[in-house]
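Participant: Read off the chains here:
Protein chains: 2
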Amino acid sequence: MTKQQLFEQIKEKQSFLCVGLDTDIKKIPGHLLETEDPIYEFNKAIVDATAPYCVAYKPNLAFYESEGTEGWMSLEKTVAYIRQRYPKQFIIADAKRGDIGNTSEMYARTFFDVLKSDAVTVAPYMGADSVTPFLTQPERWVVLLALTSNKGSLDFQMTADTNGERLFEKVLRVSQQWASADQMMYVVGATQGKLFEDVRKIVPDHFLLVPGVGAQGGSLEEVCRYGMNKECGLLVNSSRSIIYADQGEDFARVAAQEAAKLQVEMKEMLNKYL
Amino acid sequence: MTKQQLFEQIKEKQSFLCVGLDTDIKKIPGHLLETEDPIYEFNKAIVDATAPYCVAYKPNLAFYESEGTEGWMSLEKTVAYIRQRYPKQFIIADAKRGDIGNTSEMYARTFFDVLKSDAVTVAPYMGADSVTPFLTQPERWVVLLALTSNKGSLDFQMTADTNGERLFEKVLRVSQQWASADQMMYVVGATQGKLFEDVRKIVPDHFLLVPGVGAQGGSLEEVCRYGMNKECGLLVNSSRSIIYADQGEDFARVAAQEAAKLQVEMKEMLNKYL
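Heads up: the sequence lines are chains A and B, in that order. Sequential numbering from 1 applies to the first sequence in this note's numbering. Sequential numbering from 1 applies to the second sequence in this note's numbering.
One thing to keep in mind: the hints can contain errors.
A pair holds if it fits inside one copy or across any two, identical chains being indistinguishable in the list.
[To be verified] Straight-line C-alpha distance at most 27 Å; calculated DSS-like pairs for lysine-lysine: (1) 11 x 261; (2) 77 x 26; (3) 230 x 194; (4) 116 x 11; (5) 116 x 77; (6) 267 x 77; (7) 11 x 267.
FYI, nobody ran anything at the bench for these hints, they're computed from the structure.
Chain A on its own, in the form it takes in the complex (with noise of 0.2 Å):
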């Protein structure tokens, strides 16, 4: 997928939601259980449920790969699953990878070719040579930890080189020697608050996706007020709070009202900021 076409889908959803796919077992409705992949007939209740009112989706890679080679099939059923029947959202495989070349080269062929997704979130540490291996095929992208949402993001996110500039701005600075706008986003956490001001001043045009709306406490209002642009750019993505918003036999359609209630916010921000 297009940067333009993520925003037409935008546009035409009033809504810059990522519902996160952190399915986990434990958590499930039980009735549920008895059937032969519970976890695959949740995901695909909730995204039946969800699709109206979201433009993307993000299964993280632990929740599957925690259930071992069953987890990997719930996890290709579902990806699947959205590709044939919502084929305008956007897939991220939130998977947090990074390696020396040819390590990276093979994660690149697992979340692109094998299990079709859109786009992979890549940590930077290991710098260039790890995160190029991502970039080589047209419209698949890249979500480059920049400055997460958690509170471990102070521990070394934040540290400021010789010449003032934290590692997180070094890194977002970096990286666009790598890609463009076109194939590359930002994780930024929504705990951040104002400073998506200085996100925004290197990286005025690429999409962030932010985690931290709700489970984690972070300000919807806040997030669009420092970070929006002019195609919007920015993914919000909420997991907790919309997929076990209800536990028990009713929880697609509670979802379903989370992520309408979310989508609502969300058109008033396009209004407000866009």
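Fit chain B to the given chain A structure using the hints.
Facilitator: Chain B only, in chain A's frame:
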């Protein structure tokens, strides 16, 4: 496995070799492709052939994931085989994971409870709460990226902060608050040569996992001169130069020869520097 047990194995075998199982279906001998699970058959033969000469195995997750569900199955079978037949081998899942707390918990479950490896490689970019969930089980290890073997290590890891501390040094220093040398190792690339001295100033007692000898061009002599401590403190990994030393029917015997050659060199190094 404890640090002491690992050191005992090193002394017994006079080797600190880790064999990297970067098993690529495109590179394994043709006659194996007729078997039901070629990747597993290849690994089994490599493990049987090299076990006398090494103390650790390091499957690289990328290579298995790129085969999707089937790849995960091959990986699970490989680790189970090593566990059962060679219980004193240390198994490192080379996965380079790291995410917010609840996600890292899921990854820990994957690599320790499902896969039953001893250790997992973790990227430090997201800080303390992305790493500590891997440290909750005794005798289960984190191998944290510090100074990697690739060219991209220059992009961020060498950046000095306002106190002159380089990022890899800060990672080494700060992460010692998260776990002791009994549960934490660090990745330091063999290509970093004399920088091992700087690493040892900060982490004199920790084991270092050292990739980059062989295909990537690092020198074993240099690694040992600057990196070995009184409990050896090194696991030197070699992948491609062992497992793909011969790509015909004789591959396992030739892999054993290559591993044995490295073991002889390592024995010399232990005599010289331990």
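Participant: Give a verdict on every hint.
Facilitator: A quick look at each hint next to the structure:
Within a single copy, residue 11 and residue 261 get their C-alpha atoms as close as 17 Å, which meets the 27 Å cut-off; across copies the closest is 63 Å, which misses it. Taking the shortest Cα distances, residue 77 and residue 26 sit within 27 Å of each other both inside one copy (20 Å) and across copies (25 Å). Taking identical chains as interchangeable, the C-alpha atoms of residue 230 and residue 194 lie at most 27 Å apart only when both belong to the same chain, with a minimum of 18 Å there against 49 Å between chains. In the homo-oligomer, the alpha carbons of residue 116 and residue 11 lie at most 27 Å apart inside one protomer (25 Å), although the nearest pairing across protomers, at 47 Å, exceeds that limit.
Taking CA atoms no more than 27 Å apart as the test, residue 116 paired with residue 77 passes in both settings, with 11 Å inside one copy and 26 Å between copies. Neither within a single protomer nor between protomers do residue 267 and residue 77 lie at most 27 Å apart by alpha-carbon distance, with minima of 31 Å and 50 Å respectively. Proximity of residue 11 and residue 267 under a CA criterion of 27 Å is satisfied intra-copy only: 9 Å inside one chain copy versus 66 Å between copies.
When held up to the earlier numbered hints, the structure conflicts with hint 6 and nothing else.
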